[in-house]
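Visitor: If you want the building blocks of each chain, they are given just below.
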Amino acid sequence: MGRKVLLVTTDQQRYDTLGCNGGALARTPVVDALASAGIRYERAHPQSVVCMPSRSTIVTGQYPSTHGVWMNGVPLPADAPSVAAVLQRAGYKTALVGKAHFEPFLDPFARFPENSLAGSGRETILEPWADGTIGPHRGFEHLEFATHGAAGPLHYARWLVEHHPEAVGMYYAPLDGSLEVNSASGGDTDAPQVKHNPIPRDWYHTDWVADRTIAWLDSLDTDADWFCWMSFPDPHHPWDPPASEMHRIDWRDVPLPAAYPESAADRERILDAKPRHWRQWYDGTLVSNYEAPKDWVPATLTADQVREVNARNAIECELIDEALGRVLGHVAARGWDADTDVVFTTDHGELQGDLGLLFKGPYHVDGLMRLPLIWRPAPSANVTPAVVTAPVGLVDLAPTFCAIAGVDAPAWMQGSALPADDADADSRGFERVLTEWDSELFGVGVHLRTITRDGWVCTTYAPGTVHDGTEGELYRLDDDPHQFENRWDHPSLRTLRDDLLADLRAHQPAPRSPQLAVEAPV
Amino acid sequence: MSGASVRKEIRIHRRAAEVWDRIADPGVIQDWFPGIVSSTVDGTTRVITLGSGIAMPEEIITQDPVLRRFQYRITVGVFRNHLGTIDVIDLHDETCLVVYSTDADPRTMALVIGAATAEALVELRDQMESTVDLPTQVKGS
Numbered sequence: 001m002g003r004k005v006l007l008v009t010t011d012q013q014r015y016d017t018l019g020c021n022g023g024a025l026a027r028t029p030v031v032d033a034l035a036s037a038g039i040r041y042e043r044a045h046p047q048s049v050v051c052m053p054s055r056s057t058i059v060t061g062q063y064p065s066t067h068g069v070w071m072n073g074v075p076l077p078a079d080a081p082s083v084a085a086v087l088q089r090a091g092y093k094t095a096l097v098g099k100a101h102f103e104p105f106l107d108p109f110a111r112f113p114e115n116s117l118a119g120s121g122r123e124t125i126l127e128p129w130a131d132g133t134i135g136p137h138r139g140f141e142h143l144e145f146a147t148h149g150a151a152g153p154l155h156y157a158r159w160l161v162e163h164h165p166e167a168v169g170m171y172y173a174p175l176d177g178s179l180e181v182n183s184a185s186g187g188d189t190d191a192p193q194v195k196h197n198p199i200p201r202d203w204y205h206t207d208w209v210a211d212r213t214i215a216w217l218d219s220l221d222t223d224a225d226w227f228c229w230m231s232f233p234d235p236h237h238p239w240d241p242p243a244s245e246m247h248r249i250d251w252r253d254v255p256l257p258a259a260y261p262e263s264a265a266d267r268e269r270i271l272d273a274k275p276r277h278w279r280q281w282y283d284g285t286l287v288s289n290y291e292a293p294k295d296w297v298p299a300t301l302t303a304d305q306v307r308e309v310n311a312r313n314a315i316e317c318e319l320i321d322e323a324l325g326r327v328l329g330h331v332a333a334r335g336w337d338a339d340t341d342v343v344f345t346t347d348h349g350e351l352q353g354d355l356g357l358l359f360k361g362p363y364h365v366d367g368l369m370r371l372p373l374i375w376r377p378a379p380s381a382n383v384t385p386a387v388v389t390a391p392v393g394l395v396d397l398a399p400t401f402c403a404i405a406g407v408d409a410p411a412w413m414q415g416s417a418l419p420a421d422d423a424d425a426d427s428r429g430f431e432r433v434l435t436e437w438d439s440e441l442f443g444v445g446v447h448l449r450t451i452t453r454d455g456w457v458c459t460t461y462a463p464g465t466v467h468d469g470t471e472g473e474l475y476r477l478d479d480d481p482h483q484f485e486n487r488w489d490h491p492s493l494r495t496l497r498d499d500l501l502a503d504l505r506a507h508q509p510a511p512r513s514p515q516l517a518v519e520a521p522v
Numbered sequence: 001m002s003g004a005s006v007r008k009e010i011r012i013h014r015r016a017a018e019v020w021d022r023i024a025d026p027g028v029i030q031d032w033f034p035g036i037v038s039s040t041v042d043g044t045t046r047v048i049t050l051g052s053g054i055a056m057p058e059e060i061i062t063q064d065p066v067l068r069r070f071q072y073r074i075t076v077g078v079f080r081n082h083l084g085t086i087d088v089i090d091l092h093d094e095t096c097l098v099v100y101s102t103d104a105d106p107r108t109m110a111l112v113i114g115a116a117t118a119e120a121l122v123e124l125r126d127q128m129e130s131t132v133d134l135p136t137q138v139k140g141s
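Chain order of the listed sequences is A and B. Under the numbering used here, think of the first position of the first sequence as 1, with each following residue one higher. Under the numbering used here, think of the first position of the second sequence as 1, with each following residue one higher.
Hints were generated in silico from the structure; no laboratory data involved. All figures in this text were calculated on a predicted structure; none of them were measured in a lab. Heads up, some of the hints might be wrong.
Unchecked claim - From the structure, some residues in chain B lie toward chain A, with a derived Cβ separation under 7 Å: (1) 3; (2) 4; (3) 6; (4) 50; (5) 52; (6) 54; (7) 55; (8) 57; (9) 106; (10) 107; (11) 108; (12) 111; (13) 116.
Unchecked claim - Reference listing, derived: stretches of chain A covered by chain B, where coverage requires no fewer than 3 residues with Cβ under 8 Å from a Cβ of chain B: (14) 110-119; (15) 185-192; (16) 274-286.
We treat Cβ as the ideally placed atom computed from N, Cα and C, and that holds for glycine.
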């Protein structure tokens with residue numbers, strides 16, 4: 001028997017939502033305990049701040065430029081490299097339960113397996129792998145999908161329709177009648193993507209994901225090695241946790257985020273020092289990407305709405321923590337705990353009120369880029385608990401899983417197995433982490449490349465709809481933790497900026513050619 | 001603007017007349033358009049059923065064998081507007097260019113349908129180009 005791997009991802013969760021990372025709102029004792037017993041990463045970044053590219057990075061171990069999912073709506077090819085396939089070939093049982101999103105959701109023609117598997121009643125399908133051999137879909141022998149709410153053809157939605165049809169309409173509808181991200185508001189403060197949801201907790205997707213994970217684990221022999229990706233759709237908006245749980249946090253008691261200046265003048269002054277799409281979005285004159293509601297204007301966001309969104313988000317984080325606790329209890333009951341590695345992370349962050357903004361987009365700041373990442377190595381591996389401050393990326397997860405399983409990381413993986421501590425990081429060259437953004441949708445194109453190194457975050461813009469290619473952002477993380485002061489044009493920092501940009505260019509990943517087509521907005 | 005326009009095209013190494021014959025028959029679209037599983041035609045009304053199970057009624061607007069243009073409009077509720085246009089353009093070298101345009105409101109559906117039409121054009125080309133060339137006298141019989 002080898003080491004088992006439980007990869008736990010959430011969707012759109014900020015670094016500061018965990019107690020172990022200094023968060024004071026949500027109680028997350030299960031993840032905090034994993035951090036205490038394992039390795040907590042303080043500077044983990046995604047390689048894209050939206051779902052499909054980032055999730056594709058997790059499964060392929062490649063940058064978006066290389067795996068080709070350069071924006072939401074671009075499907076990851078079925079024959080893309082997959083760490084699950086590597087592990088499956090090495091004898092691991094493999095499963096993904098919850099939100100996958102390697103393929104577009106908006107798919108009326110049912111062209112993509114993620115949208116047709118639930119209806120077909122099959123656990124996976126056989127498709128070509130990167131090396132041309134045939135195997136389970138992306139290397140996963142068992143697939144059960146869920147996403148936000150009860151819409152669509154995925155397993156959770158079908159389960160809810162079959163067993164609790166009265167609950168289907170309780171959720172907030174993520175898309176509106178025009179199939180745009182919904183701007184409808186609700187809750188006590190009339191905040192966007194907020195709704196009172198009377199669904200019983202047992203029927204909510206967080207508990208369903210945990211239940212189905214446990215069911216799959218139950219199907220395995222005790223001596224099996226397994227790789228299970230348990231993927232919670234929360235705390236991504238809509239913020240509609242079960243009403244029964246709303247008592248946990250009264251939004252009226254929630255402090256405003258440190259990155260939310262209460263004065264509109266202060267917010268606008270900070271935004272005006274950034275490339276122009278920041279302020280244009282804030283004012284409602286440009287919604288550059290699909291991931292934020294087209295009809296919502298951030299300048300209308302009130303302090304109370306920020307409080308309510310943060311309260312609801314924290315409640316969703318608590319439910320995830322408790323669901324994870326149930327699964328870990330089950331792992332222990334099966335006698336697997338000593339040999340099970342647990343990795344907890346997310347695909348990207350959420351602005352969640354920073355600078356008066358919600359949701360996500362082409363904004364490479366900590367709200368979206370600094371991620372929770374915890375690796376609790378299997379206790380049998382006797383790894384010393386540590387905190388890693390060196391920059392790491394989600395691109396490093398796939399080679400980490402290979403290392404855990406004792407198989408060589410394939411050459412197509414572009415990251416390195418996560419460091420066990422800062423000394424390990426230093427010796428293996430964890431100096432920088434890169435993040436990309438490309439989007440071209442409905443006549444608006446935006447292109448960013450970012451390097452985080454030596455306590456600085458440097459972003460350069462390629463020419464696009466509202467950028468001429470000269471714009472950029474430069475932030476110092478230690479004295480400007482919320483990235484309020486853009487020092488891109490600071491004369492005394494020109495040499496540093498040029499050095500960072502040269503390093504960024506020198507480490508650009510190989511681009512996939514030809515570029516893959518956008519098949520849907522999401 | 002709440003609508004959008006998407007255009008896809010492909011060159012097919014078959015005569016325009018052959019390709020047009022395939023496209024002009026509204027009842028066989030499921031044979032070359034992946035994601036459409038069936039269709040029924042009644043006069044100028046066609047109802048297609050998608051892979052997701054959604055049935056979409058369409059009105060056939062143009063079926064012009066001279067211009068080699070086929071146009072239809074999806075009339076189901078979510079669409080405030082839709083126009084699908086397939087043009088078969090003779091390149092006069094025993095090949096043709098097929099252009100499939102989708103104008104739709106909401107704009108998201110233009111993107112989704114447009115992407116599916118790209119796949120359909122590839123399938124159409126593959127089918128047309130894989131058919132065995134028949135002797136001229138047989139083609140005309």
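Visitor: Now tell me, hint by hint, if it's right for this structure.
Guide: A quick look at each hint next to the structure:
For residue 3(B), the shortest C-beta to C-beta distance to chain A is roughly 10 Å, which exceeds 7 Å, and the interface hint is violated. Because the smallest distance between the Cβ of residue 4(B) and any Cβ of chain A comes to about 6 Å, under 7 Å, the interface hint for this residue holds. Using the Cβ-Cβ criterion of 7 Å, the hint placing residue 6(B) at the interface with chain A is not satisfied: the shortest such distance is roughly 10 Å. Taking 7 Å as the C-beta contact cut-off toward chain A, the hint placing residue 50(B) at the interface holds, the least distance being around 5 Å.
Hint status for residue 52(B): holds, given a least beta-carbon distance of 4 Å to chain A, under 7 Å. Against a cut-off of 7 Å between C-beta atoms, the interface hint on residue 54(B) holds, since the closest Cβ of chain A lies about 5 Å away. For residue 55(B), the interface hint is violated, the least distance from its beta-carbon to any beta-carbon of chain A being 11 Å, above 7 Å. The closest approach between the C-beta of residue 57(B) and any C-beta of chain A is roughly 14 Å, which is over the 7 Å cut-off, so the hint fails.
The beta carbon of residue 106(B) comes within 4 Å of a beta carbon in chain A, closer than 7 Å, and the hint placing it at the interface holds. With a least beta-carbon distance of about 6 Å to chain A, the hint placing residue 107(B) at the interface is held under the 7 Å criterion. Because the closest C-beta pair between residue 108(B) and chain A is about 4 Å apart, less than 7 Å, the hint holds. Because the closest C-beta pair between residue 111(B) and chain A is about 6 Å apart, less than 7 Å, the hint holds.
Because the smallest distance between the Cβ of residue 116(B) and any Cβ of chain A comes to about 5 Å, under 7 Å, the interface hint for this residue holds. Here the stretch 110-119 of chain A counts 5 residues with a CB under 8 Å from a CB of chain B, which clears the bar of 3, and the coverage holds. Residues of the stretch 185-192 of chain A lying with their CB closer than 8 Å to a CB of chain B number 0, which falls below the three-residue condition for coverage. For the stretch 274-286 of chain A, the proposed coverage by chain B is not satisfied: 0 residues have a C-beta within less than 8 Å of a C-beta in that chain, short of the threshold of three.
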